[in-house]
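Peer 1: Protein chains in written order, with the working numbering: chain A, 7 to 258; chain B, 6 to 97.
Hints in this document: simulated from the structure, not taken from any laboratory.
One or more of the hints may lead you astray.
EDC-like mimics (lysine to aspartate or glutamate), calculated; alpha carbons at most 16 Å apart, straight line [said to hold, decoys possible]: (1) A:237 with A:92; (2) A:52 with A:182; (3) A:183 with B:79; (4) A:70 with A:204; (5) A:77 with A:205; (6) A:19 with B:70; (7) A:52 with A:185; (8) A:77 with A:198; (9) A:52 with A:123; (10) A:183 with B:84; (11) A:51 with A:119; (12) A:70 with A:196; (13) A:19 with B:72; (14) A:51 with A:181; (15) A:51 with A:123; (16) A:116 with B:79; (17) B:46 with B:84; (18) A:143 with B:66; (19) A:21 with B:70; (20) A:61 with A:112; (21) A:70 with A:112; (22) A:183 with B:83; (23) A:143 with B:67; (24) B:17 with B:59; (25) A:62 with A:185.
Spelled out from the first residue to the last, the chains are:
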Amino acid sequence: MPGLAGRMSTVVKAKISRLLDRAEDPGETLDYGYQKQTELLQNVKKGIADVVTSKKRLQMQTQKLEQQVVKLDTQARQALAQGREDLARTALERKTLAQTEMQSLDTQIKELEAQQEQLTANEQRLRQKIEQFRTKKEVIKAQYSAAEAQVRISEAANGVGEEMADLGLAMQRAEDKTETMRARASAVEELEKAGAFDDITALGSGGDDIDRQLAELTSGAQVDDELSKMKAELGTGGGDAPALEQGEEEKA
Amino acid sequence: MIVRISGEGQFKLPDEDAGRLNELDNRAVNAVEQGDETGFKELWSQMLEIVASDGNAVDGDELVESDVILPPRDITFDEARGEFTGDGLIPD
Numbered sequence: 007m008p009g010l011a012g013r014m015s016t017v018v019k020a021k022i023s024r025l026l027d028r029a030e031d032p033g034e035t036l037d038y039g040y041q042k043q044t045e046l047l048q049n050v051k052k053g054i055a056d057v058v059t060s061k062k063r064l065q066m067q068t069q070k071l072e073q074q075v076v077k078l079d080t081q082a083r084q085a086l087a088q089g090r091e092d093l094a095r096t097a098l099e100r101k102t103l104a105q106t107e108m109q110s111l112d113t114q115i116k117e118l119e120a121q122q123e124q125l126t127a128n129e130q131r132l133r134q135k136i137e138q139f140r141t142k143k144e145v146i147k148a149q150y151s152a153a154e155a156q157v158r159i160s161e162a163a164n165g166v167g168e169e170m171a172d173l174g175l176a177m178q179r180a181e182d183k184t185e186t187m188r189a190r191a192s193a194v195e196e197l198e199k200a201g202a203f204d205d206i207t208a209l210g211s212g213g214d215d216i217d218r219q220l221a222e223l224t225s226g227a228q229v230d231d232e233l234s235k236m237k238a239e240l241g242t243g244g245g246d247a248p249a250l251e252q253g254e255e256e257k258a
Numbered sequence: 006m007i008v009r010i011s012g013e014g015q016f017k018l019p020d021e022d023a024g025r026l027n028e029l030d031n032r033a034v035n036a037v038e039q040g041d042e043t044g045f046k047e048l049w050s051q052m053l054e055i056v057a058s059d060g061n062a063v064d065g066d067e068l069v070e071s072d073v074i075l076p077p078r079d080i081t082f083d084e085a086r087g088e089f090t091g092d093g094l095i096p097d
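Construct the entire structure; sequences and hints are all you get.
Peer 2: This is the structure we're talking about:
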């Protein structure tokens, strides 16, 4: 089959022959298989640990962003109550950005969880197959003539080889994904360092530059929308708006 | 026939499914070549659906080679495109 399946089969078959090549007698494949399995299992463990670490890092970022969203929302309301639409807009832009980042982090955390489960399941399946191969080899040797046993053992070895090759591929793919997510986490950290999610009370001299970037990053429509909703809510309330803490003093 | 979904394991399917899978696979390739992501996703989910509805998971103690190996379930359009531009799903 050409196409997806054909390409995939070619990749896997190439890996199998690389895995099994060295064994002249298919029976020896078992010993070699054990050695390869040990290597694979170590890699899988390391891979799973990496996945967990990345997941924790993303979870911490999500929590931080959650707090900022609440804070920025409050500040937007306070700013609006004081007639500072400009400040309210800035706060909402930051809030929107933080929310977008949170959503994307959530998706990635879920992906990492799925990956962790998949690797664990694959690893268990491979253990089972290797064990099966060990048993089967002896049975085949006892039941068949040497020539036929050779063929049958070879078939079984290919079955194990395919399982190993596939786990190897799953590992590589997991590593690539974890790498991408690490890059993503770093990107969020960069934004954080640049002050993209800071309170508006912390708006300093660098503010203009951040605001320009924010305006590019966030959807103007969503901010406008939220701003007019907030205005409507506050419009009826009036009077008892709390003062914008700290911010005004800093400006004075 | 034995079909493996990469990362998931093997399934036993009636031999008649080979033709259907092959046809869908060819159409999926076409969709990828034409940059038709929606079409590709639709065809790919049809392929998975055949395995899900007709396939029985191969027992853990069976040691058989697959006749067909499908890419991982969550293959992205970009990864599929890489398959045909020679980049491959997983570069060597």
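Peer 1: Could you check the structure against the hints above and give me the numbers of any it violates, in ascending order?
Peer 2: none
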